[in-house]
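Residues 32 to 176, numbered by our numbering, are exactly what the sequence shown covers, in order.
Hints should not be assumed to be uniformly reliable.
What the hints assert, rightly or not - Just the calculated beta-carbon pair ranges, DEER-fashion:
| id | residue 1 | residue 2 | range |
| --- | --- | --- | --- |
| 1 | Ser161 | Ser136 | 39 to 47 Å |
| 2 | Arg133 | Ser35 | 45 to 53 Å |
| 3 | Thr81 | Asn165 | 24 to 32 Å |
| 4 | Lys82 | Gly145 | 12 to 20 Å |
| 5 | Asn165 | Tyr56 | 39 to 47 Å |
| 6 | Val142 | Ser83 | 25 to 33 Å |
| 7 | Arg100 | Glu74 | 41 to 49 Å |
| 8 | Asp164 | Glu109 | 13 to 21 Å |
| 9 | Glu74 | Arg133 | 27 to 35 Å |
| 10 | Glu132 | Glu54 | 52 to 60 Å |
| 11 | Ser161 | Ala122 | 37 to 45 Å |
| 12 | Arg52 | Ser83 | 15 to 23 Å |
No lab work stands behind these hints: they were computed from the structure. Quick reminder that beta carbons are idealized off the backbone N, C-alpha and C, glycines included.
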Amino acid sequence: MKISTKGRYALRLLIDLSIHRNEGYIALKDIAQRQSISKKYLEQIVPLLTKSGLLRTNRGYQGGYMLSRPPSDYTVGEILRLTEGSLAPIACLESEPNYCERSPSCITLPVWKGLYDVINEYLDNITLQSIIDNDPGKDASDYCI
């Protein structure tokens, strides 16, 4: 499994908004500048996050984006499943029930299922707040993933 730029940048965007959550709505250009990410690329990610309810938007002079929930309510697993789709290490685990004709007799399926369970449990127990709280540098304006 490899996390795409889209998933990594979505996480950085949401962490930036978490760090600056007390500043109201944040302009995308400010996030792009702080995170060294193209504003155009962020503009492609934001609709997905907004449509799913992770972000609130405000248009106009004081417009921008903010989290719709506290940072402690966002998990890395939720964010990556939204941006990446399934986190399953093999295709036959992407749907429930498993429609693979070999699944009843597949000797390796428990290996992949175990890996999938570990991935989900790990990522679902990391919140945006815990990432911020564990930042060793504590220089919140210069966060890098």
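We went through each hint and held it up to the structure:
1. Taken as a hint, the range 39 to 47 Å holds for the pair Ser161 and Ser136, whose Cβ atoms sit roughly 41 Å apart.
2. Separation of Arg133 from Ser35 is about 28 Å and departs from the stated range, judged on CB atoms against 45 to 53 Å.
3. Checking the proposed 24 to 32 Å range against Thr81 and Asn165 shows it holds: the Cβ atoms sit about 27 Å from each other.
4. Distance hint for Lys82 and Gly145: a CB-CB separation of about 33 Å, inconsistent with the stated range 12 to 20 Å.
5. The beta-carbon spacing between Asn165 and Tyr56, approximately 27 Å, falls outside the hinted interval of 39 to 47 Å.
6. A hinted range of 25 to 33 Å for the beta carbons of Val142 and Ser83 is consistent with their spacing of about 31 Å.
7. For Arg100 and Glu74, the hinted distance range of 41 to 49 Å is not satisfied, since their beta carbons lie about 22 Å from each other.
8. Between Asp164 and Glu109 the beta carbon distance is about 18 Å. The supplied range of 13 to 21 Å therefore holds.
9. Separation of Glu74 from Arg133 is about 43 Å and departs from the stated range, judged on CB atoms against 27 to 35 Å.
10. Remark: the range hint 52 to 60 Å for Glu132 to Glu54 is upheld by a beta-carbon distance near 54 Å.
11. Between Ser161 and Ala122, the C-beta spacing of about 31 Å breaks the proposed range 37 to 45 Å.
12. One distance hint, 15 to 23 Å for the beta-carbon pair Arg52 and Ser83, holds here, with the actual separation near 18 Å.
Checked against the numbered hints given earlier, the structure breaks hints 2, 4, 5, 7, 9 and 11 and satisfies all the rest.
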